[in-house]
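Order-wise, the sequence lines are chains A and B.
Residue 52 in my numbering sits at position 52 of the first sequence, and the numbers go up by one each step.
Residue 1268 in my numbering sits at position 268 of the second sequence, and the numbers go up by one each step.
Everything labelled a hint here was simulated from the structure, so no lab data went into it.
Hints may contain errors.
To be verified - List of simulated lysine-lysine pairs, DSS-like, C-alpha gap at most 27 Å:
#1 K1234/B x K1216/B
#2 K1122/B x K1132/B
#3 K1275/B x K1261/B
#4 K198/A x K1203/B
#5 K1138/B x K1091/B
#6 K1234/B x K1091/B
#7 K1263/B x K198/A
#8 K1053/B x K1261/B
#9 K1203/B x K1132/B
#10 K198/A x K1091/B
#11 K1138/B x K1203/B
#12 K9/A x K1263/B
#13 K1159/B x K1204/B
#14 K10/A x K1263/B
#15 K1204/B x K9/A
#16 K1204/B x K1261/B
#17 K10/A x K1028/B
#18 K198/A x K1053/B
#19 K1204/B x K1263/B
#20 K1216/B x K1116/B
#21 K198/A x K1155/B
#22 K1203/B x K9/A
#23 K1204/B x K10/A
#24 K1159/B x K10/A
#25 K198/A x K1159/B
#26 K198/A x K1132/B
#27 K198/A x K9/A
#28 K1203/B x K1125/B
#29 K1028/B x K1216/B
#30 K1203/B x K1116/B
#31 K1053/B x K1203/B
#32 K1241/B x K1091/B
#33 K1053/B x K1216/B
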Amino acid sequence: MDLILEGIKKAFWLLIHMDNEVMRITLLSLKVSGLATFISLALGIPLGTVLALSRFPGRGIIISLVNTSMGLPPVVVGLFVTIMLWRGGPLAVLHLLYTPSAMVIAQTIIAAPIITGLSLAAIQQLDPKLLLQIKALGASRLQMGWFLLREARLPLLAAMMAGFGGVISEIGASIMVGGNILGHTRVLTTATVMETSKGNFDTAIALGLLLLLLAYSINFTLTIIQQREAFYGRAHFRG
Amino acid sequence: MKKKILVFIALVLSIILSGPVLSAEKVKDIILATTTSTQDSGLLDVLIPVFEKEAGYVVKTIAVGSGQAMAMGERGEADVLLVHSPEAEEKFLAQGLGINRRLVMHNDFIIVGPAKDPARIKGLKSAPMAFKHISEAKALFLSRGDNSGTHAKEKSLWKLAGIDPSTEKWYQQTGLGMGQTLAVASEKGGYCLTDRATYLALKKNLYLSILLQGDKSLLNIYHVIEVNPARWPKVNSDGAKSFRAFMVSKEAQRIIEGFGKDKFGQPLFFPDAGKREEALGK
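Hey, can you work out the whole structure from these sequences and the hints?
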């Protein structure tokens, strides 16, 4: 019990003093996972939309692949990316191993299927009559896609939160492809593991709390946007 | 509402793009593959910044077990190694994988266990003898089981004791680092072989006492090895050479000597540059 109190005290101390190292680690966590989430959105939403709206042979296979990949184990992704980026690996020329970019790549591989799968579900649960109506009004494919995305924006925000939550809390891939290097690739999760094995449990708890705080504030903002949208959307509909 | 979403997205993007996340770092980097004990004890946090400042290199420390560190060297995925698994190191050199192996420092392994000492090893002088007692008492023993330097040392001690514990119920392998394995031993009331530095760093949270120390077979010797650039042309050989030279320099050796004295009341490592391995512990 003392330990938890010590950890909470330490967390406040670190926050109030804006400890340089901790701030850098927190900011890097945010940058890496934020960038990975945005790349995943850019890939996942179009892919999910196309999968939801089109019919072609093998579609079922691809969708079940996407759904399976929503639970990709981060360590497996980390191992795969490490082997690709090694000096002896096929992508060695990029010189990316043990850099934040490598972490962005690994986290994108983790988040993209989550966002693709949830976008697919979001578009599919829209009223099929809506689709017919838009078609009847003579919308082009692009216009139709844009309209559907706007209609599905609430579940899409949820997809974004799920993707971000998946990568900000992930450790297996980050520690493998990043290496937990001080000042370069140390993020909140890898630092927490290291402080635990150093026996600095109070610092580890403090870093863990910072991670939760970060995840909470991002999701809080997104949720506020989502819920207001839901409220005004309904009000607008009624009006 | 759409405006707010756009503002939020723009905000996040500007945070993301404000840093050099996508720039590839190279050339001036040295990849140091080392054991967890040098990082977990905090020694590297003191040594590396001094080296970086002097030599102008950026050291990327990958802290893994000695076995994995050498496996990285074997594939040319590291430039320089700081490891503590002498037998495996000699094999590494014999295979032409490494060059310029230099003695850096030593400390020692200790056998720790619950204070009530069910296998009664306290007072014994020899580590293999203590292992024999543990095996006869079928007392719980926690092994790293991860091919680290500590695990290699532990296996060699079982061999000296003439026992193969790998299939025994009282012998459990964690597959974790030293700190976590000590935590498991502490919770389960088991015996464990550990390096002194990690034990001292974690002692305040452990229910484990030192039960055997000082046996010469328990020496823990650290060497620095350059990965052979003739084998792997991509290796940063200048950086490796510079790091090797630094580790045996007077300055680094003085830092090693003083490290931990203020915090633990005793040094965690003993500098040995220039000494012969056989002369240690005498």
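How the hints compare with the structure:
1. K1234/B x K1216/B: At roughly 40 Å apart (the allowed maximum being 27 Å), K1216/B and K1234/B break the hint.
2. K1122/B x K1132/B: holds, 13 Å
3. K1275/B x K1261/B: Roughly 22 Å between the alpha carbons, so the hint for K1275/B and K1261/B holds.
4. K198/A x K1203/B: Holds, at about 11 Å.
5. K1138/B x K1091/B: violated, 34 Å
6. K1234/B x K1091/B: holds, 22 Å
7. K1263/B x K198/A: holds, 14 Å
8. K1053/B x K1261/B: holds, 24 Å
9. K1203/B x K1132/B: holds, 26 Å
10. K198/A x K1091/B: violated, 31 Å
11. K1138/B x K1203/B: holds, 25 Å
12. K9/A x K1263/B: holds, 22 Å
13. K1159/B x K1204/B: Violated - the C-alpha atoms of K1204/B and K1159/B are around 32 Å apart, more than 27 Å.
14. K10/A x K1263/B: holds, 19 Å
15. K1204/B x K9/A: At roughly 19 Å apart (the allowed maximum being 27 Å), K9/A and K1204/B satisfy the hint.
16. K1204/B x K1261/B: holds, 16 Å
17. K10/A x K1028/B: violated, 36 Å
18. K198/A x K1053/B: Holds - the C-alpha atoms of K1053/B and K198/A are around 25 Å apart, at most 27 Å.
19. K1204/B x K1263/B: The given pair, whose Cα atoms are some 12 Å apart, holds under the 27 Å limit.
20. K1216/B x K1116/B: holds, 25 Å
21. K198/A x K1155/B: Holds, because 24 Å separates the two Cα atoms, which is no more than 27 Å.
22. K1203/B x K9/A: holds, 22 Å
23. K1204/B x K10/A: holds, 18 Å
24. K1159/B x K10/A: violated, 46 Å
25. K198/A x K1159/B: violated, 30 Å
26. K198/A x K1132/B: violated, 31 Å
27. K198/A x K9/A: The given pair, whose Cα atoms are some 19 Å apart, holds under the 27 Å limit.
28. K1203/B x K1125/B: Holds, at about 23 Å.
29. K1028/B x K1216/B: violated, 41 Å
30. K1203/B x K1116/B: holds, 17 Å
31. K1053/B x K1203/B: violated, 33 Å
32. K1241/B x K1091/B: This hinted pair holds, its Cα atoms lying about 21 Å apart.
33. K1053/B x K1216/B: violated, 37 Å
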